[in-house]
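Asks: Now for the letters of each chain:
There are 2 protein chains.
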Amino acid sequence: MREVVILGIGQTPVDEHWDKSLRELAGEAILNALKDAQREEVDALYVGNMMSGILIQQENLGTLIADWVGLRHIEAVKVEAACSSGAAAVRQALMAVSSGIIDSAIAVGVEKMTDAKGTEVTAALATAADADYETTHGVSFVGLNALIMQRYMYEYGWKHADFAPFSINAHLNAITNPNARLHEKISEKEYASAKMIAYPINLLDASPIGDGAAAVLIVPKDSLRHNHKPLITIAGSAAASDTIAVHDRKDPLWLKAAEISAQKAYQQAGVTPQEIDFFELHDAFSIMAALSLEACGFAERGQGPRLGLDGSITRNGKIPIATLGGLKARGHPVGATGVYQIVESVLQLRGEAAENQISKARIAMTQNIGGSGSNIVTHILRREDG
Amino acid sequence: MREVVILGIGQTPVDEHWDKSLRELAGEAILNALKDAQREEVDALYVGNMMSGILIQQENLGTLIADWVGLRHIEAVKVEAACSSGAAAVRQALMAVSSGIIDSAIAVGVEKMTDAKGTEVTAALATAADADYETTHGVSFVGLNALIMQRYMYEYGWKHADFAPFSINAHLNAITNPNARLHEKISEKEYASAKMIAYPINLLDASPIGDGAAAVLIVPKDSLRHNHKPLITIAGSAAASDTIAVHDRKDPLWLKAAEISAQKAYQQAGVTPQEIDFFELHDAFSIMAALSLEACGFAERGQGPRLGLDGSITRNGKIPIATLGGLKARGHPVGATGVYQIVESVLQLRGEAAENQISKARIAMTQNIGGSGSNIVTHILRREDG
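Residue numbers (the working numbering), protein chains in the order written: chain Y, 4 to 389; chain Z, 4 to 389.
No wet-lab data here; the hints were simulated from the structure. Warning: the hint list may mix true and false statements.
It does not matter which identical chain is meant; a pair holds if it fits inside one copy or across any two.
[To be verified] BS3-like, lysine-lysine: derived pairs with alpha carbons at most 30 Å apart:
no., residue 1, residue 2
1, 259, 321
2, 120, 321
3, 267, 192
4, 267, 224
5, 120, 162
6, 253, 38
7, 224, 363
8, 38, 267
9, 188, 198
10, 192, 162
11, 267, 321
12, 321, 162
13, 192, 38
14, 363, 38
15, 232, 253
16, 38, 259
17, 253, 23
18, 232, 363
19, 224, 23
Start from the sequences and build out the full structure, keeping to the hints where you can.
Replies: Structure (structure tokens):
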């Protein structure tokens, strides 16, 4: 197994890109990643995407995008794991390169959502849940997360206001990220009075959808003769699943797949949670931020919101999260999100995060969650100066 | 890079399974494969599927199926590459195990098509083509293949009747395959007079859709202490893409991605086309059988139909194809097809193909084609008795 590095990164802003097609967005991110790495060729393409078949009547995305960017005849496939499709694509690229079968691979996450009607997007997002035993009963994806949040508040005694810091922190960090979807600072009062979506989840608990693409170029470490940037290695990578239906879980308030994948990644990287400098977690809803922090060992069970309330999650805190806005404010172009998390982590580790820079960031963790915690991919990245 | 073997195989009949859901079909194939290998556990699941989002409003198939079969918490994703999704999933499983990151992987191909209306299936199949530059102009997937076949007949002077042997051979071989969709012998006269779909493709040039699932268990060769069956190694595996739109190809009558992936697979396996004992090719339409034979070096350019006319493709011929019915008569449950091809090849190599057995079969080739030749995955399997 060869050690691999992320040599190039690229992204588009997350936005309503009504003037750009899916292939154009993906192409932009890929060409940016190749340019960043000063390469022109790549051997394989892994596309993270969830909803192109339903929303834009286009599958065969691997071919579509390889063709569009002029990487003609390379191997190219789409990888789907609901909202964790992006990180799953990165992991497939990593394994292809690790195996020695592929010498360089691009993983691009892309989603084109804002051309469709809201109801179509809601229906498409619901395909992450169990169509036969959840969705047919009328529960939407937000609804499932609302049930989890309500139970969590009941079990552990938190009030809705206690989740405010997650959203406030994300919005604050997004202001200086030019690629973020939202650039508005929000207050506790605004958080508390935002429009209700599915009780207790209101508009400021939920991440916005969007169009966007992010890409990484993965190559074997031993193939590099020289490099102008600090090397970013993938020190840990793991994925795990859980029951697809929330009601089938013994404990719906514990992200078992997050715990399993994080523990494996820690072990591979030889680090503990205390050594993680910042954590790009999957704050699709504020409750998910709390659950992710707990399952990965940053907070005790039921105590996730405390890290928001005591300031630990801010850029100068003990475990900064959503350092460039997170899903909440950078935006959540579903199949692209997991790759955005990794691209942003590389920016931080390289020291290229400008106003959002975390000081002395050397070890980063990313966690991409598919479904209501049913498919989770965790990566640990490390800056190597040697 | 570790050498890998196919230790277990499983399949369901291809049929209109109105009484079984997608997860049930996939589960049946997976449990059959585990039973065949005498295993109960596996580390990762790769699901080949193209249309579940559109046709049954279900994505997150990796999680769905892992959960259903009781392989809870394992890593699980869906791989999509249009009609080559099945073989693409096998290739991802192979790379995962080769890399050493995963110790055993199931690749299952599954598609559930017959619950949807015919027009919905036609629209879903069209997502393999270019939505912006082909499909919006009204050309269906059969239409694209019809254009290719018509040009081929014009360029090389073949008559429609010259393609008859491809369909006749496939139907004949399917009669004794209990898992095949169609069990009717057809005559030249029936072929010639079948209902026209898109000139010159008639009903007996086209493969039937269906519901079905097929699975393989992949493990490292060096992990095996003893085995009751002859070992089947994956000696060659390669994938390539082409332009997604047929009109963008310099030569729409040449499957460049088939040529590239076959040449790589030959090189890896250290064999020539002459050493291939049989070839499970992608006869979604009879024209595709001809083009595949040419691109892989079994026939000169424009001479594919000759191998049908001179009997080379029959079970006793020089290069048997569709030995258990092929797409034409075993059926084409799209995302599952590539795995069926590999499962059937393993049956032949093990000497377990009963009445369909190819004598002295030691080296098999499979080729799974996505889109109109835009995404192609080729495998070479070898029987090892040592």
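Asks: Now tell me, hint by hint, if it's right for this structure.
Replies: Now for the hints, and whether the structure bears them out:
1. 259 - 321: So residue 259 and residue 321 pass the 30 Å test inside one copy only (24 Å; across, 54 Å).
2. 120 - 321: neither (41 Å within a copy, 55 Å between copies)
3. 267 - 192: neither (40 Å within a copy, 62 Å between copies)
4. 267 - 224: This pair counts as both: shortest intra-copy Cα distance 21 Å, inter-copy 25 Å.
5. 120 - 162: neither (33 Å within a copy, 48 Å between copies)
6. 253 - 38: between (48 Å within a copy, 28 Å between copies)
7. 224 - 363: So residue 224 and residue 363 pass the 30 Å test inside one copy only (23 Å; across, 44 Å).
8. 38 - 267: between (33 Å within a copy, 28 Å between copies)
9. 188 - 198: Answer is within; shortest intra-copy Cα gap is 17 Å, inter-copy 65 Å.
10. 192 - 162: Classified as within; 14 Å inside a copy, 77 Å across copies.
11. 267 - 321: within (22 Å within a copy, 50 Å between copies)
12. 321 - 162: within (23 Å within a copy, 75 Å between copies)
13. 192 - 38: neither (44 Å within a copy, 59 Å between copies)
14. 363 - 38: within (26 Å within a copy, 52 Å between copies)
15. 232 - 253: neither (46 Å within a copy, 40 Å between copies)
16. 38 - 259: between (39 Å within a copy, 28 Å between copies)
17. 253 - 23: For residue 253 and residue 23, only the inter-copy Cα distance (27 Å) is at most 30 Å; the intra-copy one is 44 Å.
18. 232 - 363: For residue 232 and residue 363, only the intra-copy Cα distance (16 Å) is at most 30 Å; the inter-copy one is 56 Å.
19. 224 - 23: Neither: 35 Å inside a chain and 47 Å across chains, both beyond 30 Å.
This entry does not satisfy hints 2, 3, 5, 13, 15 and 19, going by the numbered hints stated previously.
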